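So the protein sequences, as listed, match chains A and B. Residues in the first sequence are numbered from 330 upward in steps of one, following the numbering used here. Residues in the second sequence are numbered from 17 upward in steps of one, following the numbering used here.
If you're looking for bench data, these hints aren't it; they were derived computationally from the structure. Only a predicted model underlies this, so the values are computations on that prediction, with no experimental measurement involved. Backbone N, C-alpha and C fix where the C-beta goes; we use that ideal spot for every residue, glycine too. Honestly, I wouldn't trust all of these hints.
To be verified - Some chain A residues close to chain B (C-beta under 10 Å, calculated; not the full set):
1. T346
2. D356
3. I357
4. K388
5. E449
6. I450
7. V518
8. L544
9. A587
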Amino acid sequence: MKPLMQVRNLEKYFPITAGFFGRKVGDIRAVDNVSFDVFPKEILGIVGESGCGKTTLGKTVLRLIEPTAGEILFEGRDVSKLGSRELKEFKKEAQMIYQDPYSSLDPRMTVYDIIGEPFEIHGELKSGEKKKVVLRLMNEVGLAPFHIYRYPHEFSGGQRQRIGIARAIALKPRLIVADEPTSALDVSVQSKILNLLSDIQKEEGLTMMFITHDLSIVRHISDRVAVMYVGVIVEMGTEEQIFEKMYHPYTEALLSAAPIADPRKKRKRIILTGDVPTPANPPQGCRFHPRCRYAKENCATEIPQLRDMGDGHFVACHYPLM
Amino acid sequence: MADNLLEIKGLRTYFYTEDGIVRALEGIDIHIEQGETLGLVGESGCGKTVTALSVLRLVPDPPGKIIDGEILFEGVNLLALSESDMRQIRGNDISMIFQDPQSALNPVYTVDNQLREVIELHQGLGKKEARQKAIEMLDLVGIPDPDARVDDFPHQFSGGMKQRVMIAMALSCNPKMLVADEPTTNLDVTVQAQVLDMINNLKRELGTTVLLITHNLGVIAEMSDHVGVMYAGRLVEYGEVDIVFHAPLHPYTIALHEAIPKVTEKKQKLGVIKGVVPNLIYPPSGCRFHPRCDFATEVCEKEQPNGEWIGDHYVECWHKREGTKL
């Protein structure tokens, strides 16, 4: 199958400045030489701990922030080189759902304005049609029609996230990047939003990048999973490959650390020492080597490349687990 | 039956707000056995944090007020103590760690300063001895190079390290009971694993009894001996962790289990609970869960169900789901 999006050697560095004149003293390498494909109609989960670059990656592939280097090929066209008119067209095809349903909606706009805004920007509709379309979208995400002229503060977190989803799917995009869409929600609300997202994904044939730090959610929703650590993808494969036959020692430790909601299943936890390193000063060689219990000498000097172990299961490690 | 370190009887805590009276806790009965970990689980607004604050008598007043009930700690009713006696209990006998270590530590004082304050106040040690004790505590909670780190300010520690400092502070007077309110909610999974592991080790070494409050069923399953499930200001189910996870009786407990995705298997579809959490100014009549319950009948709407003990297992429901196997 031909990929919908091919990301090649993508880099996003943020400058660290100091002093009155903002002299540049270094870089935060939020995303550092990342390559992957996204296939049509799949959900690719991106999982990692805070500061691993997963949100920056999501925003960069949509060009909500400008990449430092690398290519983002969307159906063969390089998104990073699009001019402003072409970029506007691209944004019809690729949308984002944000983490925080409180700060991502304009408090002075009604639901009608918020969900209708994409049509205003892209001039898609005749004036009489807008209300009908907005009501159809509200129905699709489970909002009652009488909510149409209400403001965001009148809604609960879960309902606000539904408004955000309706806005994202309004223009029938091909790709949606969902950044931790349920992390601000209670479990009973979370399950409704996750079910809604997977229903919409199936019905509309959407492709989705689902960013989260929660391993059980990523397992539940994803077809394929990419595991990130300090700006790089360390392992990528199908949900089953990652959760049952992982190759990378970080994936192993990460999974073993996730608490299991079943007192009968106790697994041996691998307790990693130390904290996640900062992307401003990542370790030399393999970025995981100072915390890796299998690390050997060359791990400290040679950067492992992401390579295919067969069956599309990729790993970046000199000594993958077998 | 083992000795109960803490017994809560008929606890009612209300908040008197401009919009009306929030009935945050409406009659809670629960006990904690000596040396065990009791997990309290529920969604936001269910009253789990208010329970913890009530035990320490830290409910902000106004607007909050404990209006009824008893909290017996080693047989002494904490609610009848004077404020100065209560201050002796806090820190010495019961101490608390909060969800957000960032805001619980004072940013303008060093860790040494803040830890010493606790130790000097409660144990009457001199400055030098207190500093030595502070360093020992930091070492105990696994902070590397404690001799140097003790002079750092809170912002120089990472999130996981700050939570360790909080735990060091809470344990520095060797309390009999530790109340931990969402201690790992803001932490990354690998750091969460470190902190949970540490709490378990300390519990084993020091014999501390733990009241653990969290919304995360995974953390509950890994840490607790007994579990209490709370909903809208009521304790709806209580029992041994294995029973509550594998043979629960309350429809809410069952629905919660079905709503969470699991890291060990891939579910096709997650269970949902219809409706939303009620506003506790106007709580539903009868059983507070009835508007969202799939099994509700007329009696649920009219009458609050009586709690029922089946051995060590407590449930509060008119239609308990006997024979459930999860």
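*Which numbered hints fail*: As far as the earlier hints go, 1, 2, 3, 4, 5 and 6 are violated by this structure, in ascending order.
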